[in-house]
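For reference, the chains in residue letters:
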Amino acid sequence: MNSVFKSNALEAEAIYIFREVVSQFEKPVLLFSGGKDSITLVRLAQKAFFPAKIPFPLLHVDTGHNFPETIAFRDKLVEELGLELIVRNVQDAIDSGKVVEETGKYSSRNSLQTTTLLDAIEEFKFDACIGGARRDEEKARAKERIFSVRDDFGQWDEKNQRPELFDILNGKIEIGQNVRVFPISNWTELDVWSYIEQEHIEIPSIYFSHKRKVFLRDGLIWSHSPFVYQEEDEQIEERIVRFRTVGDMSCTAAVESYASTIAEVVGEIRQSTISERGARIDDKRSEAAMEKRKQQGYF
Amino acid sequence: MEVLKIATAGSVDDGKSTLIGRLLYDTKSLTTDKIEAIEKSSKQKGYDYLDFSLATDGLVAEREQGITIDVAHIYFSTAKKSYIIADTPGHVEYTRNMVTGASTSQVSIILIDARKGVIEQTYRHFFINNLLRVKEVIVAINKMDLVDYSEEVYNKIKADFEALNAKSSFKEQNVSYIPISALTGGNVAQHADEMPWYTGQSVLEHLEALKSSDVYESAQARFPVQTVIRPKTQQYHDFRGYAGKLYGNSLQVGDAVTVLPSLTESKISKIHFFDKEYSEANAGSSITIELENDINVTRGDMIVKSNELPTIEKDINTTVCWMDSKKLVPGTKYLVQHNTNRILAKVDAIKSVIATDYSGSKEANQLAINEIGEVTIKLSKPLYFDAYDKNKSNGAFILIDTSTNTTAGVGFIK
Numbered sequence: 001m002n003s004v005f006k007s008n009a010l011e012a013e014a015i016y017i018f019r020e021v022v023s024q025f026e027k028p029v030l031l032f033s034g035g036k037d038s039i040t041l042v043r044l045a046q047k048a049f050f051p052a053k054i055p056f057p058l059l060h061v062d063t064g065h066n067f068p069e070t071i072a073f074r075d076k077l078v079e080e081l082g083l084e085l086i087v088r089n090v091q092d093a094i095d096s097g098k099v100v101e102e103t104g105k106y107s108s109r110n111s112l113q114t115t116t117l118l119d120a121i122e123e124f125k126f127d128a129c130i131g132g133a134r135r136d137e138e139k140a141r142a143k144e145r146i147f148s149v150r151d152d153f154g155q156w157d158e159k160n161q162r163p164e165l166f167d168i169l170n171g172k173i174e175i176g177q178n179v180r181v182f183p184i185s186n187w188t189e190l191d192v193w194s195y196i197e198q199e200h201i202e203i204p205s206i207y208f209s210h211k212r213k214v215f216l217r218d219g220l221i222w223s224h225s226p227f228v229y230q231e232e233d234e235q236i237e238e239r240i241v242r243f244r245t246v247g248d249m250s251c252t253a254a255v256e257s258y259a260s261t262i263a264e265v266v267g268e269i270r271q272s273t274i275s276e277r278g279a280r281i282d283d284k285r286s287e288a289a290m291e292k293r294k295q296q297g298y299f
Numbered sequence: 001m002e003v004l005k006i007a008t009a010g011s012v013d014d015g016k017s018t019l020i021g022r023l024l025y026d027t028k029s030l031t032t033d034k035i036e037a038i039e040k041s042s043k044q045k046g047y048d049y050l051d052f053s054l055a056t057d058g059l060v061a062e063r064e065q066g067i068t069i070d071v072a073h074i075y076f077s078t079a080k081k082s083y084i085i086a087d088t089p090g091h092v093e094y095t096r097n098m099v100t101g102a103s104t105s106q107v108s109i110i111l112i113d114a115r116k117g118v119i120e121q122t123y124r125h126f127f128i129n130n131l132l133r134v135k136e137v138i139v140a141i142n143k144m145d146l147v148d149y150s151e152e153v154y155n156k157i158k159a160d161f162e163a164l165n166a167k168s169s170f171k172e173q174n175v176s177y178i179p180i181s182a183l184t185g186g187n188v189a190q191h192a193d194e195m196p197w198y199t200g201q202s203v204l205e206h207l208e209a210l211k212s213s214d215v216y217e218s219a220q221a222r223f224p225v226q227t228v229i230r231p232k233t234q235q236y237h238d239f240r241g242y243a244g245k246l247y248g249n250s251l252q253v254g255d256a257v258t259v260l261p262s263l264t265e266s267k268i269s270k271i272h273f274f275d276k277e278y279s280e281a282n283a284g285s286s287i288t289i290e291l292e293n294d295i296n297v298t299r300g301d302m303i304v305k306s307n308e309l310p311t312i313e314k315d316i317n318t319t320v321c322w323m324d325s326k327k328l329v330p331g332t333k334y335l336v337q338h339n340t341n342r343i344l345a346k347v348d349a350i351k352s353v354i355a356t357d358y359s360g361s362k363e364a365n366q367l368a369i370n371e372i373g374e375v376t377i378k379l380s381k382p383l384y385f386d387a388y389d390k391n392k393s394n395g396a397f398i399l400i401d402t403s404t405n406t407t408a409g410v411g412f413i414k
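From first to last, the protein sequence lines stand for chains A and B.
For the first sequence, position 225 matches number 225 in the UniProt record's numbering, and the numbering has no gaps at all.
For the second sequence, position 387 matches number 387 in the UniProt record's numbering, and the numbering has no gaps at all.
Because the hints were derived from the structure by calculation, they are not lab data.
Yeah, the Cβ is synthetic: ideal placement off N, Cα and C, and Gly gets one too.
Check before you lean on any hint, since a few could be wrong.
Have a look at the derived ranges for each label pair, beta carbon to beta carbon [as the list claims (entries may be wrong)]:
| # | chain 1 | residue 1 | chain 2 | residue 2 | range |
| --- | --- | --- | --- | --- | --- |
| 1 | B | Lys351 | A | Asp152 | 39 to 45 Å |
| 2 | B | Lys171 | A | Gln198 | 38 to 44 Å |
| 3 | B | Ser279 | A | Gln198 | 20 to 26 Å |
| 4 | B | Glu93 | A | Ser260 | 32 to 38 Å |
| 5 | A | Asp152 | B | Gly46 | 39 to 45 Å |
| 6 | A | Ser107 | B | Ser279 | 39 to 45 Å |
| 7 | A | His224 | B | Asp193 | 42 to 48 Å |
| 8 | B | Lys40 | A | Leu216 | 19 to 25 Å |
| 9 | A | Ser260 | B | Leu344 | 56 to 62 Å |
| 10 | B | Lys40 | A | Arg270 | 24 to 30 Å |
| 11 | B | Leu344 | A | Asp151 | 21 to 27 Å |
| 12 | B | Lys326 | A | Lys125 | 28 to 34 Å |
To give a feel for the contact side, a few chain A residues facing chain B, derived at Cβ under 7 Å [what the hints assert, rightly or not]:
| # | residue |
| --- | --- |
| 13 | Lys6 |
| 14 | Pro51 |
| 15 | Arg135 |
| 16 | Arg162 |
| 17 | Leu165 |
Given these sequences and hints, build the entire structure.
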């Protein structure tokens, strides 16, 4: 056997980060949404520790408003890889009165996830939460460190972040603090899709072209669903769409698309002139929407 | 795909954001909704041009004050390469941010305002690029449109910069000079018709032509062990793999190796990446290694070729860039993190503060935030290192404050 392993720089970096996490922290967890970024994280974690199993559980903060396709996919993946899955529900925080459901036209459970996430961190004493956020997604995320320290209220102090030099990652924290870890910080949307294509990674069907009942609002295509508030004059129609990013149904808009294979999706993204988060309703609230949510503990 | 990391540093006025905006625009990396957001924001502020800095300055405080206060990461790609720009502010009070940006970059773009020429800030940027041994430096002489695209102005600045370059201790560095107008796009991606006297490459052409072998320095192979993989399953009952990222050079199955600090000798029996075995792995790969003998190897250990041992010492001479508001003073204890190894250490002495404008160094007994100085450090256990000049990955370390846990400084071993 005479074979030279030539690495892919972004993949090597992500694997390096995963290995630092298990070495520097006692109770890491991977935040899993069922979206393509967290699915990519699972593949990278598999590679980092093979032939051992992924040495940490997955945590899904379920808004209760997820696409059913995502949930089915999640359960199948966990089963196949023999992973441990922890699910915590936003509904529980609403029922116990800890958070109040938003009402009105733009209501979403997206920002309510923060409370459930912070409660789960406290419940399981997680000290490192691995997430699939990328710096190219959004301008506040462009400033995020790979190891991003949060205080015991889960807050991000964006003006006082630890410098990160070379490959050296400093994960030293006090008890009660936790670190958010972003192994694919330096990947772009296209990098993720190209990787999914190259690795033949399975992803939920909603990423591919399908027929869906939708309605139009503010130039975006919203899913028709009992979870999404709809005005009487907003008419339901059927369109051929797919999703570029998958949050829950109330904060993710669809795009019209005929891309039904990964190769077609990659081709479409190369041509696209709309950014990925252009279809994220949660980011449209204000120019600093993401920064504000992150300060409060959003992932 | 090949990834090229670029560091930029500069102030608002020298057109850095405009250059980055141009690169994004000309490579069609700016999406319509982002351009629309920039247009909306520029209009609100009453500008009659597109303010690309609004695309790069991410924090509310930065947008309010119109400055870049942290390292921002900006991404664009061509058919050939993925580019990552680490964009940092240029003022002296952000020296630490510039050092941070340069630490992960293979190429640095130093912007000069053609009307102002080589100024103090230029010295500082170049000094940092030398200290960190950034192999490729592009000197972009910007705002050529405001000096009538004058060849003389370009030649004068180039000569001034070459005089500066003569003082550099890093002779392997490649310095290229490109006259540009970020505002009109001249020589950014396309060639500028207004400067027929310039026959070299545009900034983008230059970046596209760089091979990653041109920008990495090769050195002796170093394999810091991150974690030991022991599946303890039926199938892999006796598997014991050392996981880490390989730096400097390649390793092959059969190589005679030494494990540090124990100095135990062995041979590489297998190199794994995921579910495949390879006979050789290149520098930069995150792999898992198996050794012939069953020896004790843990996180923080380092595997090297037996005929290429690093220096093993408890006292180190270093250059430190200080990053914490609490000053560095002799006698204090810090944790040294060097690769995957952490050792408690004491600051022995601070010898001098080095001026970043090449005016030399002066005696000092402490280092304040953003100062760079010569520091000797005593470690509680021996460190296995190379001089930063010989082997970047194995010559750099950070200092962690044991009470706040923050990364208080970065050091380069001599």
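These are the hints, each one checked on the structure:
For the hinted restraint 39 to 45 Å between B/Lys351 and A/Asp152, the CB-CB distance of approximately 40 Å keeps it satisfied. A hinted range of 38 to 44 Å for the beta carbons of B/Lys171 and A/Gln198 is consistent with their spacing of about 40 Å. Taking 20 to 26 Å as the suggested C-beta distance range, the pair B/Ser279 and A/Gln198 conforms, at roughly 22 Å. Here the CB-CB span from B/Glu93 to A/Ser260 is close to 53 Å, at odds with the stated 32 to 38 Å.
Between A/Asp152 and B/Gly46 the C-beta distance comes to about 43 Å, which sits within the given range of 39 to 45 Å. A/Ser107 and B/Ser279 have their C-beta atoms about 58 Å apart, which leaves the hinted 39 to 45 Å range violated. For the pair A/His224 and B/Asp193, the beta carbons lie near 54 Å from each other, so the given range of 42 to 48 Å is not met. Between B/Lys40 and A/Leu216 the beta carbon distance is about 21 Å. The supplied range of 19 to 25 Å therefore holds.
Taking 56 to 62 Å as the suggested C-beta distance range, the pair A/Ser260 and B/Leu344 conforms, at roughly 58 Å. At about 26 Å, the CB distance of B/Lys40 to A/Arg270 agrees with the hint of 24 to 30 Å. Between B/Leu344 and A/Asp151 the C-beta distance comes to about 26 Å, which sits within the given range of 21 to 27 Å. Between B/Lys326 and A/Lys125 the beta carbons are some 30 Å apart, a value that agrees with the proposed interval 28 to 34 Å.
The beta carbon of A/Lys6 comes within 5 Å of a beta carbon in chain B, closer than 7 Å, and the hint placing it at the interface holds. A distance limit of 7 Å between C-beta atoms decides the matter here; for A/Pro51 the minimum to chain B is near 5 Å, and the interface restraint holds. With 7 Å as the threshold, the beta carbon of A/Arg135 comes within range of chain B, its nearest partner Cβ sitting at about 4 Å, so the hint holds. About 5 Å separates the beta-carbon of A/Arg162 from the nearest beta-carbon of chain B, less than 7 Å, and the hint is met.
Taking 7 Å as the C-beta cut-off, the interface hint given for A/Leu165 holds, the closest approach to chain B being about 4 Å.
Checked against the numbered hints given earlier, this structure breaks hints 4, 6, 7; the rest are met.
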